[in-house]
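The residues making up each chain are set out below.
4 protein chains.
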Amino acid sequence: MVIVMKPTAPQEMIEKIVKKMTSLGCQVHQSQGANYCLLGLVGDTSKINPSQIEANKYVDKLLRVQQPYKLANRLFHPEDTIIDIDGLKIGGGHVAIMAGPCSVESEEQLMTIAHAVKESGAQFLRGGAFKPRTSPYSFQGMGEEGLKLLKKAKEATGMPIVTEVMCQDTFDVVEEYADILQIGARNMQNFPLLKRAGKSQKPILLKRGLSATIEELLMSAEYIMAEGNLNVILCERGIRTFETYTRNTLDISAVPVIKELSHLPIIIDPSHATGKWAMVEPLSKASIAVGADGLIIEVHHQPECALSDGAQSLKPKKFAQLMEAIKKISEI
Amino acid sequence: MVIVMKPTAPQEMIEKIVKKMTSLGCQVHQSQGANYCLLGLVGDTSKINPSQIEANKYVDKLLRVQQPYKLANRLFHPEDTIIDIDGLKIGGGHVAIMAGPCSVESEEQLMTIAHAVKESGAQFLRGGAFKPRTSPYSFQGMGEEGLKLLKKAKEATGMPIVTEVMCQDTFDVVEEYADILQIGARNMQNFPLLKRAGKSQKPILLKRGLSATIEELLMSAEYIMAEGNLNVILCERGIRTFETYTRNTLDISAVPVIKELSHLPIIIDPSHATGKWAMVEPLSKASIAVGADGLIIEVHHQPECALSDGAQSLKPKKFAQLMEAIKKISEI
Amino acid sequence: MVIVMKPTAPQEMIEKIVKKMTSLGCQVHQSQGANYCLLGLVGDTSKINPSQIEANKYVDKLLRVQQPYKLANRLFHPEDTIIDIDGLKIGGGHVAIMAGPCSVESEEQLMTIAHAVKESGAQFLRGGAFKPRTSPYSFQGMGEEGLKLLKKAKEATGMPIVTEVMCQDTFDVVEEYADILQIGARNMQNFPLLKRAGKSQKPILLKRGLSATIEELLMSAEYIMAEGNLNVILCERGIRTFETYTRNTLDISAVPVIKELSHLPIIIDPSHATGKWAMVEPLSKASIAVGADGLIIEVHHQPECALSDGAQSLKPKKFAQLMEAIKKISEI
Amino acid sequence: MVIVMKPTAPQEMIEKIVKKMTSLGCQVHQSQGANYCLLGLVGDTSKINPSQIEANKYVDKLLRVQQPYKLANRLFHPEDTIIDIDGLKIGGGHVAIMAGPCSVESEEQLMTIAHAVKESGAQFLRGGAFKPRTSPYSFQGMGEEGLKLLKKAKEATGMPIVTEVMCQDTFDVVEEYADILQIGARNMQNFPLLKRAGKSQKPILLKRGLSATIEELLMSAEYIMAEGNLNVILCERGIRTFETYTRNTLDISAVPVIKELSHLPIIIDPSHATGKWAMVEPLSKASIAVGADGLIIEVHHQPECALSDGAQSLKPKKFAQLMEAIKKISEI
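Chains as they are written, first to last, in this note's numbering: chain C, 1 to 332; chain L, 1 to 332; chain P, 1 to 332; chain E, 1 to 332.
Since the hints were derived computationally from the structure, they do not count as laboratory data.
Since the structure is predicted, the reported quantities are computational estimates derived from the model, not experimental observations.
Don't take each hint at face value.
Calculated pairs, DSSO-like style, for lysine-lysine (alpha carbon to alpha carbon, straight line, at most 27 Å) [unchecked claim]:
#1 16(L) x 317(C)
#2 89(C) x 195(C)
#3 327(P) x 89(P)
#4 328(L) x 57(P)
#5 89(P) x 57(P)
#6 61(L) x 318(E)
#7 328(C) x 61(E)
#8 315(C) x 328(L)
Here chain C is said to cover these stretches of chain P; the calculated rule only asks that three of the stretch's residues, wherever they fall, bring their Cβ under 8 Å from a Cβ of chain C [stated by the list, open to error]:
#9 62-75
#10 160-174
#11 279-292
Estimated spans, in silico, between C-beta atoms of each pair [what the hints assert, rightly or not]:
#12 10(E) x 47(L): 28 to 34 Å
#13 82(C) x 320(E): 27 to 33 Å
#14 88(C) x 43(L): 56 to 62 Å
#15 93(P) x 10(C): 46 to 52 Å
#16 158(L) x 107(C): 32 to 38 Å
#17 82(P) x 152(E): 50 to 56 Å
The C-beta atom is built at its ideal place from N, Cα and C for all residues, glycine as well.
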């Protein structure tokens, strides 16, 4: 950490800060320039509260040096985390494909799609039973009934289930049915939910918030890991920008950045990133080429009747073609 | 709603869509241009699922005409909503000032600040007992102990309490102590929490999410209102943009926009909007001048020792000066 | 400047960098932590090229301490710059009001509006003769003919003229007629144009780019000042964000931020900031309350016939009312 | 175009607007709902000035149906534009690789890099002689001297030259030496420059502005094309968002979006998109996989001595490896 003092800071105030920082357990080196005085802090800076320092009117700014996350940090855990679910691996170069409908709508719908994506090579079945919707008047999901159908689909296809958990109250029931618990973009900083997820034995698929920085995403992973659950899969799903042609803007650079900063697996959701089915194929190819550990894709056999996200769902035939292309790219 | 068909759309497909839309209960008017065919939909469009229409490959795009919120819409409720708490009014031209520390830290700290802000003319006491923090290693608030101190401060000063509720599990206890329940920016689309708030008898202070559009903010208010709680106070607290000098960017235009679209009161939080105490005074003045229904301001007598948000807290003396300026502007 | 070395950096590489930095004329202080080594650089760092340092694979990052602008920096010029045009002052607490049509369209149009705004108390007449338009098929301005009409309007009303200069080729002619030369948002980083403006004797009104940081705005002012023209007026006119209800998002915090960082006057353009005439009044009031040195406002007597920006133009009667309100707020 | 009237609009005003629109040459269809009246406009809407309509206080909003660009529009030109430069093709499935230093610094520097990138398979040599720099105190390029060196490098390697043109004053000289004229991101809406480029016989490489929408990029291409130069190559180079870890955010979706909307070639600049050399390889692979028509990459043999952009330049060896990977992906 580096404290930059204002040109007007009296020597006495600089000394007072040096003393306080030293008392908190770190070493301070002072560099005096013509206009600015820099205080370089090394050692254990964990007891320092940056906002208290910035409250001082003689402090110009505070520059952070270390990442604030530890358990998610590649610096302290150089090897890739690989998550194993019924023998299927996520992370460390394995490409995991999760596919299925946005929402579970009926047994027939789910079974049709589940068999189709399985046949094309998907390894995990996605499907929402509890649905976060912008409008209170939209379809809110089938709830536990939907979870039961997902269980049936798992029994029929052997595919582990990925489904969203929206709150503490329904956590236990979702945890019972799901193999991977998804925490949605809008809940990325729902801290009580993250803490509860940290106490679960199941892997967590944590989606990046619409306007979350990569560091904030890793801090949310840290919340889960700090409670004891180290099996966190990160998911880039598009961020909010000024561009309106696509629903969101896929931040594909997040993949190499996260590979550098963290050991956790990172997958991409091309369906939510654009909101348009025609964009899913090119973005999926790009995601594999950039080095993502997998994809989560919305597939529906009748998008024009889907209760949610029809516009961004691939038909099974398109999905099958996409799987062929992905196979070729991931071989390179 | 207007459906724009692609130039390649066959007549038969256009007729099919017209038929389906008519069967859902609305009237359709067709305008045929050289390249595009427009379908204008009027009447009851509530049964239409836009995403299903956009899934059709012959549909170019869908243009929405009506706002998706009803209860929060000024169109159906032209009069300003005025919320009355122990005789203090929020909305309709009354300027409500809420002030206090970011976090409740101790009885001494809270009492000192509460008396100071009361004396300067604040009407409501703010203070956090349950704190959402980006890092799991930061101070997480005093919890129920903090709520009890807030109650004491209310007894001592007569000021109603504004405090944040973070989750379903702690809702009941916060509801018991608070006069206004705050839902934070990061929870603006925590839909189960919004539904629970909708069942409360207490007014809800709903903060705009970091990257939420004004329409999304109003849809979140709609979630609360649809459950029966019509006492929602909106709060603009800065949005996330590319500018990094301030912590967030105060979207001051949100005030006149919301006044046009909705009848709900809208206040401003200048402390979080900038993250810098020196900016709080000018932004507070601007907020009153633009027509906001109030302010929520962080005040601390020792910012350099504050357990959270010291950098953006005003000292009591500065707050007193600010209250003088606010009084003059609000008289105009 | 602070160089943060990666944990893997060999001692030899650190020494090499220290040596190079010292040879460039600055002093280096080293702080060795458990994981990171910090190099604090003070003295004359102007010969250092940051990108060269970041190209080193052992460098984690580079933290800047000093602002890169000098002439525009309040640190080296604590007093407010006050610009005097025919006895009218801009900066240092004087509130300057510039008003007029978006485009000059005809003699009758310009004279009608000029007399109206003069009567309401505007001090400067704005009006575009060369117009930057997003579409090549839109009205591009009257060119020199428009400049001549502006001159006539000045003769008739006594108001100095503010008009936009778009390129090097037409600089001389615009310079001849205008009292203040406006450089538009889309040209904020048109560096050859900035250099030419720096050679002019006329004050420059420099508008902030749609996605320019405040630092970049000040660096563009520095370009002009470095060529010798110190009379730069900055203008905040809304930045581009994800919010689409308003055309842009007025970053009102830019005013106190710039007052802190620079001595140059800063005015606000509420017309472009929102794109809606109904928002101009509240935002103008807020701008004065926040401490802006003036406003530039679009006024048209027949907005529904305006060749450009009709949607954001105030009618003269509304403008007159606004001027009354502004007078009251600026008195406080 | 669709005009949405406010619920309060009197019938007489609706009729007045219908009449005016009809007089401008288009057909109007009226759909009357309970709260809103929709006016669907088809036929020739080119004479309508949207801002004039929005200036009417009874108009709620105006929804656009057609894209405002014509020459750049795939609707009117379904075949891909393929640009041929000395037998090298850009567009229509051909992958063009442009590589070289950010700035031309010396004959030795340029020749070393030119030979290296040629050997690895690059087809075009990039290099800046006139440099747009954020700071007036940074290296501004070698000017015409640099252009002469580029000519020498072309003679030695046979590679056509891509170089930036910054203004009208230096257009002629750059045009004389360059094979492709680059217009930089900060000049994307420098309309006089675009018009001049439209009169050139040389292909134009038009970079997307930092906060330009895809539609604005296509409108800028339209400016060039409307003057007669149809050889425009678009370039996505990262947009400005809230994420600060990378210099910009590569909007990789822009490639499939532009392929859908326009027939013009679209290439990607991964160097500026991230600002970090280590990200160039993964993003280049993703760019080819997503379907881009080419890449423009910064290469320097001594990045730690580069006069500009050292931090984002690849060393020749890394570039050679990247070319191998690109070849494999583009074969799929």
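We went through each hint and held it up to the structure:
no. : hint                        : verdict
1   : 16(L) x 317(C)              : holds, 24 Å
2   : 89(C) x 195(C)              : holds, 25 Å
3   : 327(P) x 89(P)              : holds, 16 Å
4   : 328(L) x 57(P)              : violated, 58 Å
5   : 89(P) x 57(P)               : violated, 52 Å
6   : 61(L) x 318(E)              : violated, 44 Å
7   : 328(C) x 61(E)              : violated, 48 Å
8   : 315(C) x 328(L)             : violated, 63 Å
9   : 62-75                       : holds (count 4)
10  : 160-174                     : violated (count 0)
11  : 279-292                     : violated (count 0)
12  : 10(E) x 47(L): 28 to 34 Å   : holds, 31 Å
13  : 82(C) x 320(E): 27 to 33 Å  : holds, 31 Å
14  : 88(C) x 43(L): 56 to 62 Å   : violated, 50 Å
15  : 93(P) x 10(C): 46 to 52 Å   : violated, 29 Å
16  : 158(L) x 107(C): 32 to 38 Å : violated, 60 Å
17  : 82(P) x 152(E): 50 to 56 Å  : holds, 53 Å
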